[in-house]
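Student: The UniProt record's numbering puts the first residue of the sequence shown at 1, with every later residue one more than the last.
Simulated from the structure, these hints should not be mistaken for laboratory data.
A few of these clues could be false.
As the list claims (entries may be wrong) - Label-pair ranges, simulated between beta-carbon atoms:
#	residue 1	residue 2	range
1	69	95	34 to 42 Å
2	49	115	22 to 30 Å
3	82	114	16 to 24 Å
4	84	125	34 to 42 Å
5	148	74	29 to 37 Å
6	136	85	36 to 44 Å
7	69	93	33 to 41 Å
8	115	73	20 to 28 Å
9	115	69	33 to 41 Å
10	46	115	42 to 50 Å
11	113	133	32 to 40 Å
12	94	46	18 to 26 Å
13	145	70	33 to 41 Å
In this text, a Cβ means the ideal position worked out from N, Cα and C, and glycines have one as well.
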Amino acid sequence: MILGAGKFRSVLSRAAPLQTHRALTLKLRMNQNSTEHKASKFNHQSRVHEFQKVMGTDHSGGWDICWEHGLTPWDLGQPTPLISHLCATGALPNGRVLVPGCGSGYDVVQMACAERYVVGLDISDNAIQKAIENVKGGYIIQRVCLRFLDFARLT
Numbered sequence: 001m002i003l004g005a006g007k008f009r010s011v012l013s014r015a016a017p018l019q020t021h022r023a024l025t026l027k028l029r030m031n032q033n034s035t036e037h038k039a040s041k042f043n044h045q046s047r048v049h050e051f052q053k054v055m056g057t058d059h060s061g062g063w064d065i066c067w068e069h070g071l072t073p074w075d076l077g078q079p080t081p082l083i084s085h086l087c088a089t090g091a092l093p094n095g096r097v098l099v100p101g102c103g104s105g106y107d108v109v110q111m112a113c114a115e116r117y118v119v120g121l122d123i124s125d126n127a128i129q130k131a132i133e134n135v136k137g138g139y140i141i142q143r144v145c146l147r148f149l150d151f152a153r154l155t
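Please build the complete structure, drawing on both the sequences and the hints.
Tutor: This is the structure:
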């Protein structure tokens, strides 16, 4: 599904108002113990540093190495909150959906339903394998297509 700017604004305007990312982050921080937050921040910074080392040395296969070693600070471990909200409120249009860079497939699984066919693409075979694990056993497996996109073969 490719939405034009006007159609996308229309979808968002029908959805209930969402809090901004910054406000949600602030709420989470206020609910955390300061010590826990500092430890979490240090752990996050060290993981980001490891990620930067891998990506700095291997631009072509770095994504696969990151997924292999769990260096995925962008992976929420759950669907993106906006996607969940749009699905829950019925504001996400039915039809076909393309999720480039689907990673572990949480958004793909969240959006798939009887009225919506979802294709997830990723350049990391390890990410696709993780996405396949997340989809297995679900009733939506017939509404999902996960593919490894090898850019080297496209050129």
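Student: Now look at each hint and say whether the structure bears it out.
Tutor: Hints, verified against the model:
1. Hint check: residue 69 to residue 95, Cβ distance near 37 Å, so the stated range 34 to 42 Å holds.
2. Range check, residue 49 to residue 115: about 43 Å between beta-carbon atoms, so the 22 to 30 Å window is missed.
3. Between residue 82 and residue 114 the C-beta distance comes to about 22 Å, which sits within the given range of 16 to 24 Å.
4. With their beta carbons about 27 Å apart, residue 84 and residue 125 fall outside the hinted range of 34 to 42 Å.
5. As the Cβ distance of residue 148 to residue 74 is approximately 18 Å, the hint placing it in 29 to 37 Å is violated.
6. Look at residue 136 against residue 85: about 26 Å separates their beta carbons, and that is not inside 36 to 44 Å.
7. The hinted range of 33 to 41 Å is satisfied by residue 69 and residue 93, whose Cβ atoms lie roughly 37 Å apart.
8. At about 33 Å, the CB distance of residue 115 to residue 73 disagrees with the hint of 20 to 28 Å.
9. The hinted window of 33 to 41 Å between residue 115 and residue 69 holds, with their beta carbons roughly 38 Å apart.
10. As the Cβ distance of residue 46 to residue 115 is approximately 43 Å, the hint placing it in 42 to 50 Å holds.
11. Restraint check, residue 113 to residue 133: a C-beta distance of roughly 20 Å breaks the suggested window 32 to 40 Å.
12. For residue 94 and residue 46, the Cβ-Cβ distance of about 43 Å falls outside the hinted range of 18 to 26 Å, so the restraint is violated.
13. Residue 145 and residue 70 have their C-beta atoms about 25 Å apart, which leaves the hinted 33 to 41 Å range violated.
In the structure shown, a violation is registered for the earlier hints numbered 2, 4, 5, 6, 8, 11, 12 and 13, in ascending order.
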